[in-house]
Amino acid sequence: MIKKVFAWVDERFPLDEMIKHELTEYPVPRNLNYMWSFGFLAMFILIVQLVSGIFLAMHYKADVGMAFDSIQHIMREVNYGWLIRYLHSTGASAFFALIFIHIGRTLYYGSYRRPRELLWWTGLLLLLLLMATAFMGYLLPWGQMSFWGAQVITALFGVTPFIGESVVIWLRGDFVVGDATLTRFFALHYLFPFIICVAVAIHLVALHWVKSSNPSGITLHAKDNIPFHPYFTVKDLFGLGVFLIIFFGFVFFAPEFWIMPENNVPADPMVTPPHIVPEWYFLPFYAILRSIPDPLGGVVAMAMSILIFLAMPWLDRSNVPGGAKFRPGYRIMVYVWFVDLMVLGYVGAQAPEGIFVLLGRIATFVYFGLFLLLPFISKREERRSRVQGLPREAERLIREEQEELLRSEHYLRRENDEKELKNIRKRLEDES
Amino acid sequence: MRRLLVLLSAVAMFATAQGVMASAAGALKMVDIDSSEQARQRGAEIVVGTCMMCHSLKYIKFADLKEIGMKEEQITALLEDQDIDDRMLSLTPIEIRKESYGKVPPDLSLMAVARQKGPQHIYTLLTDYYYKSAEQEETDNHLFPGIKMPDVLAYADAESDDERAEIEAQAHDVASFLVWASDPSAESRRTIGKYVILYLIILTTLLYLLKRRVWSKLH
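Chains as they are written, first to last, in our numbering: chain A, 1 to 432; chain B, 1 to 219.
Bear in mind the hints are in silico, worked out from the structure with no lab data behind them.
Heads up, the beta-carbon is just placed ideally off N, CA and C, and yes, glycines get one too.
Take these hints with a grain of salt, some might be off.
[Stated by the list, open to error] Dumping the calculated DSBU-like pairs for lysine-lysine here, alpha-carbon to alpha-carbon at most 35 Å:
| # | chain 1 | residue 1 | chain 2 | residue 2 |
| --- | --- | --- | --- | --- |
| 1 | A | K61 | B | K217 |
| 2 | B | K217 | A | K325 |
| 3 | A | K223 | B | K217 |
| 4 | B | K132 | B | K71 |
| 5 | B | K117 | A | K61 |
| 6 | B | K58 | A | K61 |
| 7 | A | K61 | B | K98 |
| 8 | B | K217 | A | K20 |
| 9 | A | K4 | B | K217 |
| 10 | B | K29 | A | K61 |
| 11 | A | K61 | B | K66 |
| 12 | A | K61 | B | K194 |
| 13 | B | K217 | A | K211 |
| 14 | A | K3 | B | K217 |
| 15 | B | K194 | A | K379 |
[Stated by the list, open to error] What the simulated footprint calls covered on chain B by chain A, stretch by stretch (three residues with Cβ under 8 Å from a Cβ of chain A suffice, anywhere in the stretch; the number is not a length):
| # | segment |
| --- | --- |
| 16 | 111-121 |
| 17 | 178-189 |
| 18 | 196-202 |
| 19 | 205-215 |
When you get a sec, could you build the whole thing from the sequences and use the hints?
In structure tokens, the structure reads:
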């Protein structure tokens with residue numbers, strides 16, 4: 001019976017074909033470690049956010065007079081409303097944590113490098129969309145920090161030359177953050193996740209075209225690739241289990257950990273909180289914003305702090321294959337950068353006084369300095385490894401790949417597949 | 001190394017978040033707040049009898065007090081003009097409250113989560129009153145200098161350690177009740193949570209074994 005149904009479908013829709021292509025025959029390097037699970041986890045949490053968000057929207061009122069109360073209505077009167085809300089509020093933090101690790105992995109293992117530039121760029125687009133969505137979502141509970149956070153961040157657009165003031169009013173729909181802002185943020189907060197879904201689809205299509213990178217950073221010999229299913233489905237599911245233990249640990253035992261006390265006070269435009277602090281995932285960028293004395297400069301620096309990642313494929317000029325594993329210079333840079341990001345995050349949470357101003361400036365300088373140094377470091381590093389030779393493991397992997405490429409070249413020549421042949425030759429050229 | 005890095009980043013993230021939370025907490029008295037029904041019930045009585053002259057708890061209904069084990073008679077004994085299904089609103093008209101204190105006293109339903117270390121904040125606030133001068137005319141508060149709320153538990157008037165201890169016990173019970181009020185589902189949340197985590201640990205262990213088995217087919 002089931003077979004018949006599948007046969008019926010397969011005649012009309014390439015279901016079997018797709019399962020084979022994307023799962024049971026989709027080749028994945030067998031040496032992937034658990035750092036490669038975070039993309040899947042991020043997708044999982046996206047679904048958690050979508051589902052919990054839709055249920056929240058059924059009870060939430062996007063009106064300045066009712067928004068705060070409607071959250072408490074959800075918490076106290078809706079069946080399992082507290083669960084839905086805490087899933088969503090904890091989910092937002094979890095999403096960023098997963099995405100940051102996912103991006104950190106990409107940087108460490110050099111997964112942004114050829115031919116994965118488009119994968120990298122769509123990923124960064126996803127990060128920006130995620131940030132926008134989180135920022136708008138944070139206004140919705142209409143607490144003090146919601147209000148003042150939105151007030152401060154929308155005001156930043158006032159630095160736009162000539163039309164600054166109009167841009168701010170256009171964003172807020174009013175002179176100050178108010179009912180118009182709340183309703184439009186709600187509308188967009190509901191819309192953006194669907195744009196994110198489309199971007200994820202593109203991200204995945206790009207991934208399945210170029211295939212996963214791997215810890216060595218060198219394309220593996222075919223025998224070292226194994227099908228996604230069952231090997232990585234079960235591995236990712238185990239990873240998911242570990243993640244869920246931590247995630248639900250927070251949801252059930254410390255959900256308030258992710259909610260600032262100030263945001264349990266209803267928004268009051270007449271009372272400014274002593275310090276306005278964004279959510280933890282914005283802190284490093286907020287620190288960069290405040291480290292530049294000039295407002296326009298600060299906003300530009302903050303935007304650049306993320307946009308500069310787009311240039312990674314060009315800034316990294318080394319031809320040494322692989323990620324940080326075979327590249328001592330780059331490895332140190334990545335570590336310094338990770339630490340610097342932590343410092344920035346810490347500074348972002350403090351009032352901009354005394355030592356923190358200086359610390360913030362130094363950390364900002366280091367942050368951008370690393371990007372500017374990368375072209376030189378990567379070039380030097382390449383020269384050095386030409387002289388000293390690559391580690392034996394890397395040599396072996398490259399040799400194996402070349403052998404395989406040569407074999408397929410031979411095969412393709414016989415088959416007269418000109419297009420594919422060109423590709424292979426290009427790759428061979430790059431590798432030598 | 002990699003694992004260390006992940007761990008490190010997680011720790012740093014927590015530290016940052018903790019830093020945000022701790023930065024505003026001043027000289028709080030770090031008492032442990034017990035969550036027994038008795039403490040909460042005593043707290044509820046003080047809150048209804050004293051605090052609700054000025055404050056409301058608009059997200060709570062009197063009937064909800066059954067959740068902390070109060071009997072219907074106990075609750076009705078607390079009521080004045082209200083019905084048991086009414087929300088816990090102050091009976092003093094809002095204009096009068098505003099006029100007397102220059103501002104409407106804040107709603108207390110979320111107070112325990114609306115300040116850094118909320119329960120300790122409430123406890124400290126109530127037991128931090130003192131007389132500004134020997135004439136004993138005007139009180140002030142160490143935690144919140146210039147507070148517009150009078151010394152409602154008369155802490156500054158207490159003359160002996162016993163009296164002070166009694167007021168401190170009251171402040172503790174009030175904090176205990178307000179912790180419940182800020183999140184009435186907390187108890188059932190933790191109960192369900194235990195089962196969820198237990199289930200996940202078993203499931204994850206099985207998944208781990210399954211993973212090992214599936215991968216063992218590779219040579």
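Structure-based check of each hint:
no. : hint              : in the structure
1   : A:K61 <-> B:K217  : violated, 54 Å
2   : B:K217 <-> A:K325 : holds, 28 Å
3   : A:K223 <-> B:K217 : holds, 14 Å
4   : B:K132 <-> B:K71  : violated, 43 Å
5   : B:K117 <-> A:K61  : holds, 29 Å
6   : B:K58 <-> A:K61   : holds, 18 Å
7   : A:K61 <-> B:K98   : holds, 28 Å
8   : B:K217 <-> A:K20  : holds, 20 Å
9   : A:K4 <-> B:K217   : holds, 31 Å
10  : B:K29 <-> A:K61   : violated, 38 Å
11  : A:K61 <-> B:K66   : holds, 29 Å
12  : A:K61 <-> B:K194  : holds, 32 Å
13  : B:K217 <-> A:K211 : holds, 23 Å
14  : A:K3 <-> B:K217   : holds, 27 Å
15  : B:K194 <-> A:K379 : violated, 54 Å
16  : 111-121           : holds (count 5)
17  : 178-189           : holds (count 5)
18  : 196-202           : holds (count 4)
19  : 205-215           : holds (count 6)
Going down the numbered hints, you'll see the structure goes against 1, 4, 10 and 15, while the others check out.
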